[in-house]
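Trainee: Quick mapping for you: the protein sequence lines, in order, are chains S and U.
If you count the first sequence from 1, position 103 lands on 103 in our numbering, and the numbers rise without skipping.
To convert a position in the second sequence, counted from 1, into our numbering, add 1000.
Worth flagging that the hints you see were computed from the coordinates, not collected in a lab.
Careful, some of the hints might be misleading.
Each computed DSS-like pair below joins lysine-lysine, with the alpha-carbon atoms no more than 25 angstroms apart [said to hold, decoys possible]:
1. S:Lys64 with U:Lys1268
2. S:Lys3 with U:Lys1271
3. S:Lys64 with U:Lys1271
4. U:Lys1093 with U:Lys1041
5. S:Lys155 with S:Lys3
6. U:Lys1132 with U:Lys1198
7. S:Lys64 with S:Lys110
8. S:Lys3 with U:Lys1041
9. S:Lys155 with S:Lys64
10. U:Lys1093 with U:Lys1198
11. U:Lys1388 with U:Lys1131
12. U:Lys1198 with S:Lys64
13. S:Lys110 with U:Lys1131
14. U:Lys1388 with U:Lys1132
Using C-beta positions, here's what the derived DEER-type ranges look like [as the list claims (entries may be wrong)]:
15. U:Glu1301 with S:Ile122: 53 to 59 angstroms
16. U:Thr1316 with S:Lys64: 27 to 33 angstroms
17. U:Arg1199 with S:Leu120: 58 to 64 angstroms
18. U:Ser1002 with S:Ala30: 51 to 57 angstroms
Just so you have them, the derived chain S footprint on chain U, three or more residues with Cβ under 8 angstroms [claimed, not checked]:
19. 1048-1061
20. 1220-1234
Quick caveat, the model's predicted, so the values are computed rather than measured.
Cβ atoms here follow ideal geometry from the backbone N, Cα and C, with glycine treated the same way.
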Amino acid sequence: MTKALESQVLNLCGVLIVVMCVTLLLELAARGFFHHSFVWSVELATVCFIWIAFLGGTAGVLRKEHFVVDVLSTWFPEGHPVSVALELLSIAVILIIGVVFAVYGIDFVKSGMHRFSFSLGIRQGYTMTVMPICGALFIINSIYHLLVLVAGERKAA
Amino acid sequence: MSDVTLIYILFGSFWLMVLLRVPLAFCLAASSLLTLYCMDKPFVLLVERMYSSLDYFPLLAIPFFILAGYLMNQGQITDRFIRLSEVMVGHIKGGLAQVNVVVSMMFASVSGTASADTAGMGSMLIPAMVKKGYSPGFSAAITAASSTMGAIIPPSVLMIVYGSLTNLSMSKLFMSGVIPGMLIGLSQMLIAYIIARKRNYPSERRATRSEFASALNKCLLPLGVPVIIIGGILAGIFTPTEAGVVAVAYAFVLICCLRSVRLRDMLKVAKDAAIMVSLPVFAIAAAVAFGWLVAYLQIPEMVGEFLSGYSLTPVTALLVIFGIFLVVGCFLDGVPAMIIFLPIAQEIASTVGIDPLHMAIVIVMTAALGLITPPFGLCILIAGSIAKVSVPTMVKESAVFVLTFIAIIFTIILFPEIALFIPKFVS
Chain S
1 MTKALESQVL NLCGVLIVVM CVTLLLELAA RGFFHHSFVW SVELATVCFI
51 WIAFLGGTAG VLRKEHFVVD VLSTWFPEGH PVSVALELLS IAVILIIGVV
101 FAVYGIDFVK SGMHRFSFSL GIRQGYTMTV MPICGALFII NSIYHLLVLV
151 AGERKAA
Chain U
1001 MSDVTLIYIL FGSFWLMVLL RVPLAFCLAA SSLLTLYCMD KPFVLLVERM
1051 YSSLDYFPLL AIPFFILAGY LMNQGQITDR FIRLSEVMVG HIKGGLAQVN
1101 VVVSMMFASV SGTASADTAG MGSMLIPAMV KKGYSPGFSA AITAASSTMG
1151 AIIPPSVLMI VYGSLTNLSM SKLFMSGVIP GMLIGLSQML IAYIIARKRN
1201 YPSERRATRS EFASALNKCL LPLGVPVIII GGILAGIFTP TEAGVVAVAY
1251 AFVLICCLRS VRLRDMLKVA KDAAIMVSLP VFAIAAAVAF GWLVAYLQIP
1301 EMVGEFLSGY SLTPVTALLV IFGIFLVVGC FLDGVPAMII FLPIAQEIAS
1351 TVGIDPLHMA IVIVMTAALG LITPPFGLCI LIAGSIAKVS VPTMVKESAV
1401 FVLTFIAIIF TIILFPEIAL FIPKFVS
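When you get a sec, could you build the whole thing from the sequences and use the hints?
Mentor: Listed below in C-alpha cells is the structure:
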C-alpha cells in the first residue's frame, strides 16, 4: 500500500514539474513575443515548487534517500545492534517531525484560510494543505520503516 | 533559558543527530523544533518557516538547473560532450582522466549543479576508466573533484542562491566564477597528468581533424545552452530563474529532436527528477528554519562582537569566513550552509570592509569544496557508490584535489583580482 501511495505521490510530483515549467515558459513567451505578462504564472510555479519539495521529501523518506552523514558505519555495520538503534532514532525523529507537520500544519492551514493569494485569488490555506499532507505521509512512511525493522529483527532472532 | 544555552541546544542537538546518522534535513528541523520547545515558542513556527522559505521565486532556479542537467544526462547529450573532450584532450597522458575534467567544464556551463554532473558523468566515465586500467578510487576521485566546477562556472545554482540572498549583481557573480573555475579545471588536469605518469595510466589515440570536426558538430546544439542562458541573463532578457526554465525547455527540445528519450518515458523522467529536486530543496526549507533561529538568537552579532576584539584585516577575516564554511561544508550541502551561515559572514565582513564580490566568490568556492570533503561530500559519496569504492579510499584519493582546491581559494583570497578581473573589466 505504501509503495502504491508513493507511486501516486511521485505521479503528482511529475505532473507538478511539468506544470511549473510550462507556466513559466508561457510567461516568458507571452512577455517576449506579445509584451503581455501573466501575473499568476510566478505564483502558480512557486506553489508547484513548494508541493514538489514537500511531497518529494516524503517519497525520499520511504526510499531512504535523504542525505545522511555516515561516520559510524565502519564500526557498526548493517544489522549491528547499534546500527539498528540508530535507525530507530532516525525513524523516531522523522515520526516526530511528521506529527508536528500534521498537527500544527492544520493550524497553519486554518490561518491561511483568512488570507487570499495575491494573483491566483484563492485562499492561501488551500496551497498550504501540503504541510499536513506531508506530515501524514511522513508518519505513514516512518511507521512502515518501523514495521520493516521490527520484522527484520524478528526474522534475525 | 539564556540565549547562550539555547545556542548550545540548537547546535549541540544538530551535530549530535548528524553523528547519529539522522538524515540531515531532519537534523535541522528537529534541532530547530527542540530549540523552539526550550524557548516556549509554538511549534507552528517550524511549519510556517519551512513553508514560507520556499515561497521565494529565485529558489526555483535550483529545480530547473537540476532538471536541465538530468535531462541532458537522460538524453545522452553528455555522450557527445565526452566524445568532444576525447578528441580534444584524450591524447594527453591519462587521457580519460583529462576527458573527465574537460567534460565537467562543458557540463558546468550547461547545468548549475555538481551532483548532476557526478551522477551523469560518473556512470559513464568511471566504468570506462576502470576498464582502461585506472584505479577505481582515482577514477571516482577525479570525477567527484571535477564536478565541483559545476558549482563555480556559470550558471551556478550556488551563485544564484547567493545573489538572491544578498542582492549582489548576478552577472558580476557569474563573471567572477569564470577564472577560478578554469583554474580549478587546469589544476586538476595537471594533477591527472602527474598521477598518470606515476601510475602509468594510458592515453588515447590522437584524433584526426575530421574526427574533431565531427565531434564538434554534434556538440554545437548542446553548447548553445550556455550561450542562451548566460547571454540571456547578461542582456537582461530573463532572470536567472527564468534562464533555468529556458535551459530545461532547450534540453527537452534537444532530446526530443535527437530522439534519445521517447515521449512516453517522459513521465518516468519527470518522476525521477522530482525526487532529485525535492531532496536538496526539502533540506533548504529545514535550513531556513534553522537559520531563522540563528538570526533570532543573534548569533551573527555575537560572532561579530567576539571578532571585533581582534584587529582583523580583510585577508584574515576572509580566512576566518573560509574556515567557517570549510568546517560547515564537511557536514552540510552548500545552499543550506549559505542560508544559515551567510549572516555571520556578512557581520564579519561589515566590521572590516571586504569587497562583497570577493567574499561571494570565496564563499561559493568553499561551499563547492564541501562537495568533496568528508564525511558529507555529496560528490565523493555519489562517485564512490558508482565506483564501489569505500569512503576511506575516496578520501585518500581525493586528498590531492582537496588540497589543490584549498590552495586556489587561498590564492584568490590573497589576490582578489584573479576573480574580480572579468567583472571589473566588463563593467
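Trainee: A separate judgement is required for each hint: does it hold in the structure or not?
Mentor: Hint check results:
1. S:Lys64 with U:Lys1268: With a Cα-Cα distance of about 19 angstroms, the restraint between S:Lys64 and U:Lys1268 holds, given a limit of 25 angstroms.
2. S:Lys3 with U:Lys1271: Holds: S:Lys3 and U:Lys1271 sit about 14 angstroms apart, inside 25 angstroms.
3. S:Lys64 with U:Lys1271: 16 angstroms, holds
4. U:Lys1093 with U:Lys1041: With Cα atoms ~61 angstroms apart, U:Lys1093 and U:Lys1041 exceed 25 angstroms; violated.
5. S:Lys155 with S:Lys3: 22 angstroms, holds
6. U:Lys1132 with U:Lys1198: It holds: about 16 angstroms lies between the C-alpha atoms, which stays within 25 angstroms.
7. S:Lys64 with S:Lys110: 31 angstroms, violated
8. S:Lys3 with U:Lys1041: At roughly 36 angstroms apart (the allowed maximum being 25 angstroms), U:Lys1041 and S:Lys3 break the hint.
9. S:Lys155 with S:Lys64: Since the Cα atoms of S:Lys155 and S:Lys64 sit roughly 21 angstroms apart, the hinted pair holds (cutoff 25 angstroms).
10. U:Lys1093 with U:Lys1198: Measuring from Cα to Cα gives roughly 10 angstroms; hence the hint holds.
11. U:Lys1388 with U:Lys1131: Given that 25 angstroms is the threshold and the Cα spacing comes to 14 angstroms, the pair holds.
12. U:Lys1198 with S:Lys64: 40 angstroms, violated
13. S:Lys110 with U:Lys1131: 59 angstroms, violated
14. U:Lys1388 with U:Lys1132: Roughly 17 angstroms between the alpha carbons, so the hint for U:Lys1388 and U:Lys1132 holds.
15. U:Glu1301 with S:Ile122: 53 to 59 angstroms: 40 angstroms, violated
16. U:Thr1316 with S:Lys64: 27 to 33 angstroms: Violated - the Cβ-Cβ distance for U:Thr1316 and S:Lys64, about 43 angstroms, lies outside 27 to 33 angstroms.
17. U:Arg1199 with S:Leu120: 58 to 64 angstroms: 60 angstroms, holds
18. U:Ser1002 with S:Ala30: 51 to 57 angstroms: 55 angstroms, holds
19. 1048-1061: With 9 residues in contact (Cβ-Cβ under 8 angstroms with chain S), the coverage given for the segment 1048-1061 of chain U holds.
20. 1220-1234: violated (count 0)
Checked against the numbered hints above, the structure breaks hints 4, 7, 8, 12, 13, 15, 16 and 20 and satisfies the rest.
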